[in-house]
Amino acid sequence: MPDRFTMVTDEPRVDPEVIAQWQEELQRNLGRMKNFTEMVANPKEPSVGPTPRQEIYRKNKSRLYRYESRRKYRTPLLFVPNLGISRPYIFDLLPGGSFIEHMTREGFDFYLLDWGVFGPEDNRLTLEDCVTRILPRMARKVLEISGARELSVLGYCMGGPLSACFIATHPEVPVKNFVNMAGPIDFSKVGLFGVWLDPRYFDADRFVDTLGQIPADMVKAGFKLLRPTMDLTTGLNLWWNLWNDSYVEGFQALNKWANEYVAFPGEFFRQWVKEFYQQNRMIRGELRLGGKPVRLGEIRCPVFVVGAKEDYIAPAACVKALIDAVGSTDKGYVELPGGHISLIAGRGASVHCWPKVSAWLAPRS
Amino acid sequence: MADNSSTQALFDLWKKQIEEGTQAWARLVGQIGQSGQAQPPDPLQFWRPFMDQGMAAWSKLLTQGPPTPELLTQWKQFLDQWIAAWQKVLEQAMGTEAFAQVLGKYLDQWLSLQAPIKKVAEESTEATLQALGVPSRTQVVGIARQVVDLEDRIEGLEDRLGALMARMDDLFKSLADHEAAAARRAADRVAQ
Chain W
1 MPDRFTMVTD EPRVDPEVIA QWQEELQRNL GRMKNFTEMV ANPKEPSVGP TPRQEIYRKN
61 KSRLYRYESR RKYRTPLLFV PNLGISRPYI FDLLPGGSFI EHMTREGFDF YLLDWGVFGP
121 EDNRLTLEDC VTRILPRMAR KVLEISGARE LSVLGYCMGG PLSACFIATH PEVPVKNFVN
181 MAGPIDFSKV GLFGVWLDPR YFDADRFVDT LGQIPADMVK AGFKLLRPTM DLTTGLNLWW
241 NLWNDSYVEG FQALNKWANE YVAFPGEFFR QWVKEFYQQN RMIRGELRLG GKPVRLGEIR
301 CPVFVVGAKE DYIAPAACVK ALIDAVGSTD KGYVELPGGH ISLIAGRGAS VHCWPKVSAW
361 LAPRS
Chain H
1 MADNSSTQAL FDLWKKQIEE GTQAWARLVG QIGQSGQAQP PDPLQFWRPF MDQGMAAWSK
61 LLTQGPPTPE LLTQWKQFLD QWIAAWQKVL EQAMGTEAFA QVLGKYLDQW LSLQAPIKKV
121 AEESTEATLQ ALGVPSRTQV VGIARQVVDL EDRIEGLEDR LGALMARMDD LFKSLADHEA
181 AAARRAADRV AQ
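Sequence order for the protein chains is W and H. So in my numbering, spot 131 of the first sequence is number 131, and the numbers just go up one at a time. So in my numbering, spot 1 of the second sequence is number 1, and the numbers just go up one at a time.
One or more of the hints may lead you astray.
What the hints assert, rightly or not - With a straight-line Cα cutoff of 27 Å, these simulated DSS-like cross-link-like pairs (lysine-lysine) come out:
#1 LYS220/W - LYS118/H
#2 LYS72/W - LYS356/W
#3 LYS119/H - LYS72/W
#4 LYS189/W - LYS76/H
#5 LYS118/H - LYS61/W
#6 LYS320/W - LYS88/H
#7 LYS224/W - LYS118/H
#8 LYS274/W - LYS76/H
#9 LYS224/W - LYS173/H
#10 LYS224/W - LYS105/H
These are calculated hints, taken from the structure and not from any lab test.
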């Protein structure tokens with residue numbers, strides 16, 4: 001007589017490895033449920049910007065911060081990010097995932113220019129003001145505070161062309177090195193934004209005259225349209241990795257940044273769209289700022305350009321154009337995997353991008 | 001573990017979907033370009049065949065053999081590739097002049113609608129705040145602008161003061177050099 005508790009069937013037995021895999025999957029699903037419940041029921045404000053810093057200068061909304069470091073190199077580094085669009089805490093997002101933390105740990109005396117969040121009272125601020133008034137002042141402050149005779153400038157995204165204009169028009173400012181990370185230079189190769197902002201279809205004057213400033217929601221809509229599947233991918237990846245606490249922490253910080261858009265001052269937007277996107281004046285040598293012509297050939301300091309292979313905001317070809325335009329003899333270009341943001345945030349950036357930037361700057365600082 | 005032929009069948013299906021999707025988008029963009037008018041695509045009609053095919057394929061796969069979590073990984077990879085392919089198709093569609101034209105027209109219409117609404121809203125808010133004796137937005141912005149201008153002027157003065165100080169330093173330095181030279185000459189004369 002068979003044992004009462006032994007089931008004898010003709011069904012094939014399930015492989016124990018498969019059972020173990022399903023148990024692991026079950027654990028992950030429990031983890032997903034736990035983190036999902038926490039995110040919905042008890043959403044925590046992610047803490048960003050972990051590197052200690054000190055505000056050393058302010059001009060209207062703009063701030064200049066110096067980050068604590070064991071200074072190993074004499075030449076200070078002024079970091080110029082984009083104006084408007086997003087907040088600069090992406091550069092110092094989380095411990096272990098921060099570009100600023102990397103650079104200060106490498107021993108660079110690091111200064112961040114935070115352009116700030118502009119209000120309607122700043123609608124008259126032009127790109128010219130930024131290049132001819134704010135940037136020279138910030139550079140002078142960096143030199144004053146650091147006690148150095150020269151400085152390096154690192155421009156990211158829109159900060160790239162702004163820095164290029166500044167260096168080209170201010171030969172009296174002792175810029176020792178210039179790094180352009182994902183900064184668009186040749187706007188004839190700028191991709192979708194270039195097509196959408198074509199003067200035949202986009203009237204920048206009408207926009208600015210009607211709205212005054214370009215609202216953050218509109219900036220957001222523009223960027224979302226550029227990558228319509230982004231939210232779907234983000235949601236899918238979040239669900240897939242929701243069991244992983246460190247992924248969730250990183251996601252929350254990045255998601256906070258990715259949804260915090262910043263308005264453009266009206267006149268700045270007008271000049272940026274018309275003279276850069278629509279007329280491509282900088283690379284053609286037809287741009288004038290503060291009464292001076294902007295000639296990229298006047299940039300003679302060592303130049304390093306970093307492009308990203310899948311950058312849809314500033315495609316690699318558009319960024320690389322700086323190499324041929326400058327008058328420097330010491331110049332280098334590197335094209336890295338990933339997109340616009342993956343140069344500056346995420347695990348890929350800390351492996352592929354940041355060490356290259358610090359390694360290029362170190363012997364020249 | 002999922003059957004290899006089933007996975008291959010899935011990827012073949014996916015390729016077919018992409019090809020059909022590309023053709024559908026090309027047709028859609030072509031229509032917009034030809035007519036010059038924004039014809040909103042019908043998403044339900046567009047997506048239904050893909051969803052039906054996908055569901056049929058997955059229900060077939062799930063009935064074959066004991067499923068493992070690897071099936072989920074394959075499902076995720078399938079979705080990632082599917083989204084990436086769609087992104088590429090959308091990019092191609094959005095990179096056309098026809099799309100830029102449609103977008104431009106939409107924004108123009110939005111501005112035409114926005115301008116009078118904004119004007120009316122601003123005027124009524126202004127009137128209400130004035131009636132309540134509260135500073136209006138225009139007044140607050142005006143004051144903020146004055147502060148910004150004042151700051152610029154102070155900075156201008158700082159710059160000029162800095163330049164003057166630098167010149168004065170130079171002057172003091174050359175004066176000190178002159179005095180030292182005069183003292184040396186006087187000392188030479190005494191020595192002679």
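Note to self: When the structure is checked against the list of hints, which entries are broken? Sort them ascending.
What the structure shows: 3, 4, 8 and 9
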